[in-house]
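> The residues making up each chain are set out below.
There are 2 protein chains.
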Amino acid sequence: MKNKLQNLKNILYEVDDLQKAAAVLYWDQSTYMPAGGAVGRGNQLSTLSKVAHEKFVDTAVGKLLDDLQPYADSLPDDDDDARLINVVRRDYDKATKVPSTLLAELYGHVAASYQAWTKARPSNDFEMVRPYLEKTLDLSRQIANCFPDYDHIADPLIDRSDEGMKTAVIRQIFSDLRTELVPLVQAITDLPEPDNSFLFKHYPEQKQLDFGMKAAIQYGFDTHRGRQDKTHHPFMTSFGHGDIRITTRVNEHRFDDALFSTLHEAGHAMYEMGIRPELDRTPLANGTSSGVHESQSRLWENIVGRSYEFWQHYYPQLQTVFPENLNDVSLDAFYRAINKVSKSLIRTDADEVTYNLHVMIRFDLSIQLLEGTLEVKDLPEAWNSRYQSDLGLQAPNDVDGVLQDVHWYSGVIGGSFQGYTLGNIMSSLFYEQALKAHPSIPAEIAQGEFGTLHGWLRENLYQHGRKYTANELIKRTTGGDLTITPYLNYLHGKFRKLYNIS
Amino acid sequence: MKNKLQNLKNILYEVDDLQKAAAVLYWDQSTYMPAGGAVGRGNQLSTLSKVAHEKFVDTAVGKLLDDLQPYADSLPDDDDDARLINVVRRDYDKATKVPSTLLAELYGHVAASYQAWTKARPSNDFEMVRPYLEKTLDLSRQIANCFPDYDHIADPLIDRSDEGMKTAVIRQIFSDLRTELVPLVQAITDLPEPDNSFLFKHYPEQKQLDFGMKAAIQYGFDTHRGRQDKTHHPFMTSFGHGDIRITTRVNEHRFDDALFSTLHEAGHAMYEMGIRPELDRTPLANGTSSGVHESQSRLWENIVGRSYEFWQHYYPQLQTVFPENLNDVSLDAFYRAINKVSKSLIRTDADEVTYNLHVMIRFDLSIQLLEGTLEVKDLPEAWNSRYQSDLGLQAPNDVDGVLQDVHWYSGVIGGSFQGYTLGNIMSSLFYEQALKAHPSIPAEIAQGEFGTLHGWLRENLYQHGRKYTANELIKRTTGGDLTITPYLNYLHGKFRKLYNIS
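Chains H and L supply the protein sequences, listed in that same order.
For the first sequence, my numbering begins at -15 and goes up steadily by one.
For the second sequence, my numbering begins at -15 and goes up steadily by one.
Treat the hints with care, as some may be off.
Unchecked claim - Under the rule of at most 20 Å between Cα atoms (straight-line distance), these lysine to aspartate or glutamate pairs were calculated in the EDC-like manner:
hint, chain 1, residue 1, chain 2, residue 2
1, H, 214, L, 213
2, L, 78, L, 89
3, L, 34, H, 42
4, L, 39, H, 42
5, L, 39, H, 38
6, H, 39, L, 38
7, L, -7, L, 77
8, H, 39, L, 42
9, H, 214, H, 333
10, H, 34, L, 38
11, L, 214, H, 12
12, H, 34, L, 42
13, H, 214, L, 12
These are computed hints drawn from the structure, not numbers from a lab.
Just chain H, same shape as in the assembly (with noise of 0.2 Å):
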């Protein structure tokens, strides 16, 4: 048994080695490849994703695992090796149910889709990617019907970036949030806005980045396994266990956009730091949901990041690097304008409070879509509908309205948005487990101290990688299930009493 969890191991290293290979050329194709590098790249990304997957599904993997499942089963529940078992099992059964035709046929069509919307949207021209969007429909729902036991069409779909969670405990979570956002946000818009123009004038790049990475290092980012470099889209990806980066984009006329940028993908970045270092090179050294991977950016960005404690510690630094555009502005003043909530149209732009009706939106319409209650040709219109009832705004086009964003162009239907919110649920849920354990952790922050707070995320959460779901994980820590009270707690808290609303 021994000799056979070795061989599937060594299958597994190579995966990864292939897999994290990949995440070297995305990541330099992101950030330096010069543009005529463009189709040499999509041939080697193809190449590798293509060897990966073919080493990964061969027969003599499900064989392995075959033999090796009793072996896995005499082992204590949570044993590393029990764990890895079972989690290769489920992926090797996902990876075999779908036919690598339709694969194939998917990623040809959603790079003809991306193209597409690159033309559509400065166009302003939904029809040009009408019949894309039609075709990724019918290639979604294909993909879930290689599942057939599920609940909803769409928990195949969920299920790839957040294993285990299905849409009607979804729905009825965002359902419940929905209820409490809008008149919270209606509340906070009925108020004067706070001013935030400061945060508009000039902030030279460099001093901007360096000044992030020295947050981020003092919250426990590992420089000696990780960097950060520029890019259009910010990204977090890990090459294995010692070389972990993250991306971040700076404009020199909004001070929030970088700094706000890097304290999230570190966040990201320090979870899979915090990963045991023996379950390197096998699927196990991940994060363990698109959720919790995003309660952890979303963590370290908002709860931590725009804190007044944090700012009552890095304010003064930040007025010595900047004092011509911030020595006349208060740390109340401050905090205010980098925690300004408004109905806007765009979702990356969005604060803390509306982010998530931007994402609850995308994420109903898409439930919509898969099911055959909302049709691609109508989809503008029930966008533009949901934008007045949630959040009172219409989007004067398509291009601030359904074609802002490329996700829908750019891969299944499904499946991708859920994890926002859920991260959002998620990182109030485990801050206030911290909390619990240490109800110094705020004090700490306003010192610049991070320590206690990095220890518990890493001891409760990061270390474990995907060796417990995203569900084990919250019960492992709480007792019990997914839940948005310690969500609505943390907004009504803070927003309540930054807009003075009783």
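Go by the hints and put chain L onto chain H.
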């Protein structure tokens, strides 16, 4: 047949994609990778190399080649497909004749040997690496003996980087060259040294980089398909037709380091950039040999970049960039300084004339080791004796002697040094032909125009990639065989004039 050819090409494309992916990972390792990434990167590179090798030596490739041989023979001799099939046939035979266990042993051993060298050099302790070098020698002989038809045991090793070149031919050429070079170096170094002290003033990094890239771009380095980054040991690397990169290093107190390194690597890059795009992703899309590749780096670095004409154009610009260092230095004085010839111990610091003496010492000693006429334990003594006879110098220790660079300690013995001097020889041989076709080239260089020269090289050398061997390229351009006459004419012409030697 067309189908089989396409099947073969599809395999070659995938092998190439995997090799290019490895090249990206190697580039990243040498430029941006954080220290913590070393172990993971080693695993990834090892897996990529293994998977690419397995794909290439697959019996399916051998079968396709067998089936396609009659087709190749039926095509015109210079048909792309015929050439591709024949090159792949040769590569395949070479790759399959060396057992993969032997290759694995070699890779494992040289990694350990490299580690030993990094410790032995600072300790000036040849005995620490002696056993490693003995094993490397044994493994090198084993590899050579996989090709028992050789005339000389070094031939199969030389063939790995300079296909078709033979030990006997190179030996004769090098012996003839040494006969001329030793007295030339002596005559020059008997004269008073030109002053080059101004090259060691403070030259700020960014200005050096900008100046070097500007010249490289005027040469014809295409930044749409390439870029330059910093590294410890400069190199050129290709990720395919659209993405070819160079690296350099900067010493702020030594002006000639970064600039000539940039021009050198730009020469390598322009070669790769000039290969016909139709050959991309196949084994034909490479430089044809180490010698021809080096001929292009040395041509653009030395024949052009250290020419009087080049500096007629660039020196006034350089004075504008570094006025405090150069305003009181005349063009003639600058030209003499960057072409100063001196006997030195370190190959990588050597000038155009003495460089070959360093290379030929290593080549001859490698051959003697392989033949068994020199034992590893006697290498330091043989080294010192040759430096005494050829350069009139004695290294004070092995650090600046036999331990000075990593070549013998990081790969097979034999087959890696001849390319440098073959490159120098061929650089003049090809340049002479370009001049014959276009006598206006020097006058154009004096105007900062390189299009005619670049065009001739692209037409006669670059576009073909590996379609023709080095010997074939020489035959096609000169009508004859490799000869040192043009190189001797170049060296005597340039340096006798420069040093006023009759």
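> Determine for every hint whether it applies to the structure shown.
So, going through the hints one by one against the coordinates:
no., hint, result
1, H:214 with L:213, "holds, 15 Å"
2, L:78 with L:89, "holds, 17 Å"
3, L:34 with H:42, "holds, 18 Å"
4, L:39 with H:42, "holds, 16 Å"
5, L:39 with H:38, "holds, 13 Å"
6, H:39 with L:38, "holds, 13 Å"
7, L:-7 with L:77, "holds, 17 Å"
8, H:39 with L:42, "holds, 16 Å"
9, H:214 with H:333, "holds, 19 Å"
10, H:34 with L:38, "holds, 15 Å"
11, L:214 with H:12, "holds, 15 Å"
12, H:34 with L:42, "holds, 18 Å"
13, H:214 with L:12, "holds, 15 Å"
The structure fails none of the hints (numbered hints given earlier).
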